[in-house]
Amino acid sequence: MGRGGARDAGSLRLMRMSALFLRTLRDDPADADTDGHRLLLRAGLIRRVASGVYAWLPLGRRVLSRVEQIVREEMDATGAQELTLPILQPLDLWARSGRDAAYGPLMFRLHDRKEAGFCLSPTAEEVITTLVASEYSSYRDLPVTLYQINWKYRDELRPRFGLLRSREFLMKDAYSFHADAEDLQRTYEELSDAYGRIFTRCGLTWRAVEAQAGEMGGDTSQEFMAVAAVGEDDFVWCPSCDYAANVEAAKRRSPDRHDGTVDAPAMTVIDTPGLPGIAAVSEHLGVPESALLKCIVVAIDGDDGPRLGAALVPGDREVNEFALARALAPHAVRLLDDDDFAARPELPRGYLGPHHPAFDVVLADPTVDADHGWVTGANEADRHVRDAVVSRDFQVDQWVDLVSVAPGDPCPRCGSALAVDRGIEVGHVFQIGTKYSEPLDARYQDDAGDQHPMVMGCYGIGVSRIVAAVVEEHHDDGGLVWPAALAPYGVHLVVLPGRGESGEAVRAAAEQLYDTLQRAGIEVLYDDRDASPGVKFADADLLGLPVRLTLGAKGFARGIVERRRRATGVDDELPLDGVPAALRA
RNA sequence: CGGGCUGUGGCGCAGUUUGGUAGCGCGCUUCGUUCGGGACGAAGAGGUCCCGGGUUCAAGUCCCGGCAGCCCGACCA
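Per the numbering used here, the very first residue in the first sequence carries number 474; after that it's consecutive.
Keep in mind that the hints were calculated from the coordinates and are not lab data.
Small disclaimer: the values here were computed from a predicted structure and weren't measured.
The beta carbon of each residue, even a glycine, is placed where N, CA and C say it ideally should be.
Keep in mind that a hint or two might mislead.
Stated by the list, open to error - Quick list of simulated restraints, FRET-style, between CB atoms:
hint	residue 1	residue 2	range
1	S611	D585	33 to 43 Å
2	R489	R582	42 to 52 Å
3	S524	L561	16 to 26 Å
4	D950	R489	26 to 36 Å
5	P779	H584	36 to 46 Å
6	R520	A753	40 to 50 Å
7	R520	L561	23 to 33 Å
8	E555	R916	17 to 27 Å
9	A978	D1044	17 to 27 Å
10	P779	E588	30 to 40 Å
11	D923	G750	52 to 62 Å
12	R631	A1058	43 to 53 Å
13	T678	A854	46 to 56 Å
14	R817	G888	37 to 47 Å
Unchecked claim - Straight-line distance between alpha carbons at most 16 Å, and here's what the computed EDC-like set of lysine to aspartate or glutamate pairs gives:
hint	residue 1	residue 2
15	K587	D565
16	K724	D874
17	K1027	E1046
18	K1027	E974
19	K724	E946
20	K724	D707
21	K724	E794
22	K1027	D1045
Take these sequences, add in the hints, and give me the full structure.
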């Protein structure tokens, strides 16, 4: 099956450590910033060549090949077809889709000798869509799903965490083409299922989460997150049902508005000199942050010029910018920056309240309609107000869920308390629709002879990132702990010939065992080095192969080999003359 | 893009304050002793001290200018 497949770059089933291109590091590399990154370097799987660019050494290359093979098997099982697209891509293709500008400096750009523009592919929608458009033109051709496993390039603002955010990375990218949205939905679900199988086979603890809808609106999108403390994405999930979402897209059960009269004294202005900010005011007045009203100002691009909007949430909560953008779509929204505030002295930063005459529209989270008045800005420097009451002291034009979902908020589906975790995004599936087929002219003719743009899905998996995610999840103080499916070799054979008469015999027996294992189809890394037992054991722990077999003088005398399982540390003994059978048992 | 830190042998670091011809640990080579959890001794190999310019009799060290890397931040009033 997967192991030793024809495409497996690591088809060599065995290796002597004396010959392996490997130098383990005893000291932690200075630049490694996560446990996983540190161990990948120490164990000699990767080496940094430039910022965010890594060489894959033989052991690392084998692991990468394992992941590739799993991805390939599961993709092929869905009927997807593998191909290879160019990494070097003409820039004019990207201009046609408008993504040349959209990607900006994130894309590596270069020129040929004729000064024609090229880029190093950060993804391949343009190339694949153009390719399919030139080959297929009938509804009879559809659907089709194509994929490749290829190196991708992004000139990240800040590469970090080794393979987790690198500038060169191995990605499986798939693209499906359909006549209609229903057909796309079917493939989308099949591939989502395949993704789950892939991550499970790789040994990851993962969760599929709803992702932020695309800027076009209506796009369906799911992210696959490997649960990890070093992850760069927060996601919300429900312990009681299957709801899970990226924090950007997360919703909570919308709270009820109070919607009644509020028994509060008249609004009064109070002096709060030199106290911009929720925390400072809260401390100064001795009221909880939740009693303050946070007022965020945004510029909204309107049809007749920019307008000003205010977004209101309780002081202890944060505004979800994406929710705000959704509420104001299709108009673009952005928060005011330093320059904006400098240009508008009528907006005293840090002392803004919802009753400012400059606001064209006021949006508020339902929790703002509370049974009490609020402390908020007085719209003049060094002043706040107390007992600001909805409808009486300020008006709200639109009630909409605006707060970023936080742990403990009620699940939108079942009402249970939501939890928040960090994750590494290892996969993403999109129903992208006609975003590329329209500008790139990928059309088909239906049975009535009419032309329609193809409906597309895009599906990505970070292959090299999976390696990083697996290592973050599977390691201990001693080193890596590979899940069997990804381990570069299945067995780590250590020979300890010792001194004296028996040494030669022990070594000969180990050589024979090595040969026997190879014949039995077991992939084995044989530590035949003339090194001390401590060195060999430490390296075996560091490399983290699932099973370590030790053949020493004492065991040899008794006709046994010791087995230790890396993950559990459990030891037992196997008869020297029946090792392959015992390993399979 | 802003702030901070760092560039010295394969890896980890000292030396820079106070300029004087480069050092430690690990790793590597050779020999000997050792041999079940990173052994010991002895002898070695290996360095454009990030790059360029300047000051100086003399620059890893001082000055100027670059480059690279790492960390933090880059909207929450």
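State the violated hints by number, sorted upward, taking the hints as numbered earlier in the document. Number 19 - this is the single hint that the structure violates.
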